[in-house]
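**Q** These are the residues of each chain, in order.
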Amino acid sequence: MKKFDVIIIGGGHNGLVASSYLSKKGKKVLVIEKNENVGGLAEYAESLNCISPIIKKELGINVNNINHSNNIISLEDNQNHTILSDKNGKLSFVQTNADENDQKKFLSIINNYKLFSKTLGAFMFQKPPRVKSGKRADLFQLISMGWKIRKLGKKNMRELLRVIGLNIADDLEDNLNSNNLMGLLSHEAVLGTNLGPRSPGSILTLLYKQAINDNIFNLNKIEVAEYINQLEDCCNKNTVEIIKSSEVKKILTQNNSVTGVQLTNGEVFESKYVMSNADPKTTYLNLLGAEILDTDFIRRTKNFRNKGNVAKLELALENEININNIDKKMNGKFIYAPGIKYIEHAFNANKYNKYSENPCLEFYVNQKTLSANVYYVPYLINTNHKENEIIERCVSVLSKFIPDMKIVKQKLITPNKMEEKFNITGGHWHHGDLEIDQLLMMRPFYGSAQYSTPINGLYLCGAGTHPGGGVTGINGLNAAKKVIEDLK
Amino acid sequence: MNKTKYDVAIIGGGHNGLTTACYLAKAGLKVIVVERHEYVGGAAVSRELHPGWTYSNCSYVCSLLRPEIFRDLELSKHGLQIIPYEGSASMLNDGRFYAHYQDHDLTYRSIAQFSKKDAEAYDRFGKDVMRQCKIIKPLLKMTPPDPTSFKPKDIMGLFEFAKYFAAKDELGGLGEKEIYDTIRFWTMSVRDYLEEYFESDIVKVHLAGSAIIGTALGPYSPGSAYVLLHHYMGEVDGTVGAWGYSRGGMGSITKAMASSLKSNNGEIKAGSPVSQILIKNNKSYGLVLENGDEIYADKIVSNLDVKRTFLKVVEEKELPSDFYKAVKNFKIRGSSGKLNIALDDLPIWKSIPVGDPAGTGDLHITQNIEEMEGAYDDWKDGKWSQFPYVDMCIPSINDPTMAPQGKHYMSVFIQYVPYNLANGGWTEEKRLEFGKHVMNRIGNYSTNFNDIINHAEIRTPKEIEAEVGLTEGNIFQGELTMDQLMFNRPVPGYAQYKTPIKNLYMCGSSTHPGGGVMGAPGVNAAREILKDLKMKISTHYI
Amino acid sequence: MNTSKISYKKPLLETPFHERTSEHCYANDWYRWAGYKVAKEYSSTELEYTSMRNTAGVIDITPMHKYDIKGEDAKKFINKLITKDITNIQSNQVAYGIWCNEDGMVIDDGTIFCFNENHFRIFCAERNLNWFSDTATGFNASVEDISPSIAALAFQGPLSCKILNLLKVENIENLKPFHFNNYNIENHNVTISRTGFSGDLGYEIWCDPSQAIDVWDSLFKFNRDYKVLAAGMNALEMVRIEAGFIQPNVDFMSAEQALRPNRMRNPYELGLGWLVNLDKEYFTGKQALIRHKEKGPEKKLVGLDIEGDKPAVGSVLYDNSKKNQAKEIGIVTAAMWSPVLKSNIAIGFVSKEHYKLGSNVYAEIYHPEELDYRKIWAECKVVKKQFFNNPRRNETPAFT
Ligand SMILES: Cc1cc2nc3c(=O)[nH]c(=O)nc-3n(C[C@H](O)[C@H](O)[C@H](O)COP(=O)(O)OP(=O)(O)OC[C@H]3O[C@@H](n4cnc5c(N)ncnc54)[C@H](O)[C@@H]3O)c2cc1C
Ligand SMILES: Cc1cc2nc3c(=O)[nH]c(=O)nc-3n(C[C@H](O)[C@H](O)[C@H](O)COP(=O)(O)OP(=O)(O)OC[C@H]3O[C@@H](n4cnc5c(N)ncnc54)[C@H](O)[C@@H]3O)c2cc1C
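Residue numbers (our numbering), protein chains in the order written: chain R, 1 to 488; chain F, 1001 to 1542; chain S, 2001 to 2400.
Since the hints were made in silico from the structure, they are not lab data. Any given hint could turn out to be false.
[What the hints assert, rightly or not] In silico BS3-like cross-links for lysine-lysine, where the CA-CA straight-line distance does not exceed 30 Å:
(1) R:237 <-> R:28
(2) F:1134 <-> S:2327
(3) S:2299 <-> F:1134
(4) F:1127 <-> S:2293
(5) S:2076 <-> F:1177
(6) S:2280 <-> F:1177
(7) F:1177 <-> R:272
All figures in this text were calculated on a predicted structure; none of them were measured in a lab.
With the sequences and hints as input, model every part of the structure.
**A** See below:
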């Protein structure tokens, strides 16, 4: 029987970051991944610039942007698309139907949001402080958070405290006229969440994502596969052992402390420290088992909201893809979310566990292939969507902009499928909704924040922890730091 | 021309304006209330719109009215009596009904018909909500501190605010867990919140009703759980969360207030719409009435909602542009309608037996939360709900003064009805069609309802706006969402009943802690005004 | 069409014994217990109480909540639920246990009947369906509320075994304390457990509601020679205080129901530390209880032997014989004059400095006397809660 300093369940990017970090600190680490490849949900991540610079530095990761012109193209049924270009975070309009006033206001809203995000950003990279834990460090951190907000100045602080609870639609409608521009920003606010543009809290999600990404459109594209490879290399270099195609069945414990893990094939690995890259529900209810958790804690675990609603669509066409009214050389992120009303209608379906008849899409084109995030395609309990119908709906949207679509290959990965493949309950982009009550010290829930769990030696390091999903690696890094701290 | 100069002139004789006036008059100030209509009361009125019947034609039930106001203003002496009523019920399409009674065991069994677990969870839910009521109660009577300010009073205010959170657990302060519970309660959607306790559709929808009344939110919207609290935090004689009828209709409340005001030598000038507030050098000093008369006073208080105050009776040029913009962006969408129906007989419900106390409280017909959310979806699209949520009650069963003998008055509150109707806007035909739609819906649950309607007054947000002056017909003088609560209400930086204009104050429901026949904004405003005059308010805070 | 079963006209449910209890209840004085009507006093609380101390008393305890736990993991479930270890429990044995929340605060107590490894039954005072169901997550165990399907009587007192003997309940004298078995009372199959809350010999009889009346009548069959009385809730309250049993929402707030977090109590505060087994691998609240134990209780529920004869109902407790120098240190939760002990007894919370056995504290008693209150400053001695514990209670074969 093999013994390790730390075992990590799941080789998602967060698991890999954690393992690289731990092994660099001289720990003997084992990563166990269910699938034949590591990387987890990051496989679907398309646009990335949120990898924490700390990680790049600490782990010596060096991924380059792939050469994409940094454009955001917001498609419009009348083919008067809006094109924005992003040069090192500086946005400008390349083409749009919106009047000048709107353009100016649009950019100024974004600047405002950026300012707020910066303030929030300071909290994103740390482990969240607990309220009233009685520990000085937590209190100090809370006070410093308060201070950072105060430093915004009266006017901005007031505005921040106002918009934090506001919905994005209202704020946009107060300031803009252009449907297209409102749709574009709403899209960024709601993608991957369980909110519509009119749901209170949808500005917060935008600020939150922006705080992590340092960019509102999360546009810079790197080759995710390349990043994951480098992480894996980094692990290998530091003698992390990675076993693939192996699923952990059970986290073993004795007297409220972790002793190791057991695989589905019965094999057992021993360790006093186990980190789970799986989502909180899977970790607690399936891997650990509710039997050894306090009843109140079980209640909170069950109440964690994690219904995913973004599907991935992959299409291969016979011919090279050209978008109507868009220059062939123009590439970037295409968004079809033409207006608040459209998105809100799409969201309505989600509430009743139906897919949107008229879905919103965010996609990238690469010669003959196209890959898209499609929402809302809600996760279903005990049943499945008719996937062909959803594909049909998407194609009918796409064909407004791509003439003569001849599809050679098509694939739709619904949240249910993601759950099946990665064991992520609900197939949620962030492993769980990003709403105030599931953020910061409340993420995933009371008794499990700050990466630790009620079980000694068990830690969470996945997107279900602060600061949530996205390929940031912060979760993995913070969790690893916490383990190092406790190992001492 | 009115030559007398007043200490304080209050624009609008809604219950909050009257409350402020009473406290100021009690403190010895010379006070005048200037009301547009011939009668006072605003949205808390009783009106005989059909001979023989008294309609509580806007608000219809009372719970939120702060008991200290009742006591301080001696409203009982001035004729006010609140009649608590029994329970509430939801009628199911399958012929059953779900009910809450005053009696705990009866309620348990009523819920247990649908789910034993839910019947039990109801106690836990009640306890958790009650805990939130306890937390919010002291906040109602405080002026929200400005979190951006460094003034001692604001910092002390924040301290007060944080006290519950900071006190040691042993001393009854909230623990870490309870603090998170509180944040959860204030931010979650009512649907998510209820899901944590209940499994049965009818239980959830019945309870969710209180979270959507008057709002521009659906049960799935984050923040809607808080509104639940807004309807639970009231009390009738110490029973927190209980509701009652005001004997003689809601107008009895404001009538008693007016009488209390007069007994303290306050004046009421009815039938006098104010057209402008007189301002010089950023200081207000008087009012201009529509007929051109002017009234002078050292302090002016507006009971009107913040939009009406600053977009209609104050000129834009008097206001800082930030403030003006914030007021313009104040969210005050109307979403509610109201039917006031004179009945020739008592309606017979298909599911609730005659005489069952459940039938004497508020009645509902929405079957599940999805249906309720669907009603909201319609509203978002500028349509009245195809399956509206209705809150019906028949005050005349409990209050014999509301209708002729043997006849009844029924109040039907309707959620959702848009202020701006898509496809051409409201017309007289559409208003009638809307009323008919609702009555048909109700008729489905009764064997005689359609035959006993003697008269019906149909009100959309348009009518409510036109009559009461509530902008867009929003019943709370502004939505109750996080961005407009506490120190954000009505607009950030002006949550302390003061305005950018010197000597001009606000006391309506647009201010903290918001709408409902509560009176708390009125007292808080009075306290702030007296403070500025270096005087003290006299009250028995409960 | 009205298919609704509940009727506002008869709000309180009647137990299967109602036909008899209402006959006996001259006082027509009823108590509401979990939605049922049970007698508070039949005719004289003193006589009813005395029957339990002298012959035997019959109490209708049907409204108790009863939950069946079935399935492969039934035993594991129980062991996770309660704070003590029942690994070695045998079939036909009864365990007394408490359950706590994650903060180690007591929710309720109950008796747990073991039919076999895969079938247990819990009897308790409060509703616990949600707590049990949520606790069952991850176990192969079902939780069912079977409360209405079982009628129950407590049959308590020195002659209880004798009368069952006379009724030819075979071998009943050999039923050991905290055990149960199936028996036959005049052709009715019943389950009898040797349990109860009187601190004396006593049984609890469980039967199908359809047989309730017959079983009741059997118990009164020998009344010519041995006077058995139906006893009401007041009498029950007296014997349970004497026996030192505590009751949720009377002596402490159940952690599931307490509105104020600081009203919850842990087992050490309730003097129930002996029911907590911290060596057990796992149960809800264990981690918190380790901390509570280490810290020691800030206050404790103790017995009080009070001077004089005026019951200290609701009294506040102080630390000094001189009223003007006294500091508040606790509160009485239940108090009575004990006829059998001829003492003035009470149960109450006393703070850390004073809860040691033998300490003296002082109670301010408001004693009603002809429409006026007399204030009495009475000395109290801290004693064990179990004021009354007759050796008969534990002897097998049982006293006949
Ligand atoms: C459609 C889609 C598009 C997205 N697009 C973007 C984007 O453009 N930009 C962006 O920043 N983010 C994007 N995201 C979000 C991002 O991909 C995820 O939030 C992030 O990858 C989560 O990483 P993780 O390491 O925390 O968890 P995961 O990637 O979910 O890793 C968990 C790993 O654990 C493994 N595992 C689980 N259980 C077991 C077990 N019992 N035994 C062994 N292994 C186990 C799983 O197989 C998986 O590999 C997208 C998400 C989705 C669904
Ligand atoms: C249909 C409906 C049902 C409701 N149901 C309930 C309920 O059941 N229970 C409950 O607690 N709450 C209910 N409410 C909410 C509650 O009635 C209001 O929030 C509350 O009455 C508002 O009181 P107020 O004093 O702040 O303002 P208002 O009542 O709006 O008072 C403003 C006053 O100013 C006067 N005014 C306006 N313009 C001028 C002018 N230019 N010059 C002079 N005077 C002017 C108006 O006539 C009015 O009297 C309901 C509201 C509505 C509309």
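**Q** Check whether the Cα positions of residue 2280 of chain S and residue 1177 of chain F lie no farther apart than 30 Å.
**A** holds, 26 Å
**Q** Within a Cα-Cα threshold of 30 Å, do residue 1134 of chain F and residue 2327 of chain S meet the stated pairing?
**A** Roughly 29 Å between the alpha carbons, so the hint for residue 1134 of chain F and residue 2327 of chain S holds.
**Q** Taking 30 Å as the top limit, are the C-alpha atoms of residue 237 of chain R and residue 28 of chain R close enough?
**A** Between residue 237 of chain R and residue 28 of chain R the Cα gap is close to 12 Å, so the pair holds against 30 Å.
**Q** Take a quick look at whether residue 2076 of chain S and residue 1177 of chain F sit within 30 Å of each other, Cα to Cα.
**A** holds, 28 Å
**Q** Would the hint linking residue 1177 of chain F and residue 272 of chain R be met if the CA-CA limit is 30 Å?
**A** Given that 30 Å is the threshold and the Cα spacing comes to 28 Å, the pair holds.
**Q** Can the restraint linking residue 1127 of chain F and residue 2293 of chain S be considered satisfied, given a maximum Cα separation of 30 Å?
**A** Holds, because 28 Å separates the two Cα atoms, which is no more than 30 Å.
**Q** For a C-alpha distance cap of 30 Å, please report whether residue 2299 of chain S and residue 1134 of chain F respect it.
**A** Given that 30 Å is the threshold and the Cα spacing comes to 26 Å, the pair holds.
When held up to the earlier numbered hints, the structure conflicts with none and fits them all.
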